[in-house]
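A.B. asks: Sequence:
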Amino acid sequence: MRPVWFVLAACGALAACGDPAEQGRRAEQTRKAEYEIPEESLFDLFRDSGPKVGTAVSGEIWQASLDTLSFLPLEDIDPFSGVIITGWGRVAGDPTPFKATVYVTSPALDARSLKVAAFRQQGGRAVPVAEEDNRRLEDAILTRARQIRIAESQ
Numbered sequence: 000m001r002p003v004w005f006v007l008a009a010c011g012a013l014a015a016c017g018d019p020a021e022q023g024r025r026a027e028q029t030r031k032a033e034y035e036i037p038e039e040s041l042f043d044l045f046r047d048s049g050p051k052v053g054t055a056v057s058g059e060i061w062q063a064s065l066d067t068l069s070f071l072p073l074e075d076i077d078p079f080s081g082v083i084i085t086g087w088g089r090v091a092g093d094p095t096p097f098k099a100t101v102y103v104t105s106p107a108l109d110a111r112s113l114k115v116a117a118f119r120q121q122g123g124r125a126v127p128v129a130e131e132d133n134r135r136l137e138d139a140i141l142t143r144a145r146q147i148r149i150a151e152s153q
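Per numbering that gives the first Met the number 0, the sequence shown starts with residue 0, numbered consecutively.
These are computed hints drawn from the structure, not numbers from a lab. Here a beta-carbon is modelled for each residue, glycine too, at the ideal position from N, C-alpha and C. The reader is advised that the hints may include incorrect statements.
Across the chosen pairs, the derived CB separations fall in these ranges [stated by the list, open to error]: (1) P127 with R148: 28 to 36 Å; (2) T29 with S80: 12 to 20 Å; (3) S152 with I84: 26 to 34 Å; (4) Q121 with E151: 34 to 42 Å; (5) K114 with E151: 53 to 61 Å; (6) I149 with S105: 29 to 37 Å; (7) R89 with E131: 13 to 21 Å.
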């Protein structure tokens, strides 16, 4: 029994040797660290992470697409992915309903940055138009995009 009391007394004496001010500082640092949000955490999702990222599509082609297809109602637009989907509408002089989907794929004012998929309604279903008609729509959009760029540069 004597060695147990001796060990307990020795531990108590060693614990009393520490500087109380230093122990208080360590306890305070530990408390702060427990409540501090780490530099990288789940909350980073909600923080402003820096400069705003612009769209990766051609602004001229985007605006030209909206201008060229303005006679059709818009169903959905997504400037970040570069997709414009129109609703059904009629071209002047043609009784068949028509709709189009435009894909703007790059920031360059280039024919490779644009893809149009147009459809006509036949028998209650959407039927793709001839590739030649899609190409004509693309040409009209690109012509309008060039006009917009020229007007902006003056």
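A.B. asks: Within 29 to 37 Å: is that where the Cβ-Cβ distance between I149 and S105 falls?
C.D. replies: Between I149 and S105, where Cβ atoms are some 20 Å apart, the hint is violated.
A.B. asks: Within 26 to 34 Å or not, the Cβ separation of S152 and I84?
C.D. replies: Given about 30 Å between the Cβ atoms, the range holds.
A.B. asks: At the C-beta level, are Q121 and E151 separated by a distance inside 34 to 42 Å?
C.D. replies: Holds, since Q121 and E151 (Cβ atoms, about 40 Å apart) stay within the stated range.
A.B. asks: Tell me if the beta carbons of R89 and E131 are separated by a distance inside 13 to 21 Å.
C.D. replies: 20 Å, holds
A.B. asks: Given a hinted range of 53 to 61 Å, is it respected by the beta-carbon distance of K114 and E151?
C.D. replies: Roughly 24 Å apart at Cβ, these two residues miss the hinted range, so it is violated.
A.B. asks: For the hint 28 to 36 Å, verify it against the beta carbon of P127 and that of R148.
C.D. replies: 30 Å, holds
A.B. asks: Does the Cβ-Cβ separation between T29 and S80 fall within 12 to 20 Å?
C.D. replies: 48 Å, violated
Taken one by one, the earlier hints fail for this structure at numbers 2, 5 and 6, listed in ascending order.
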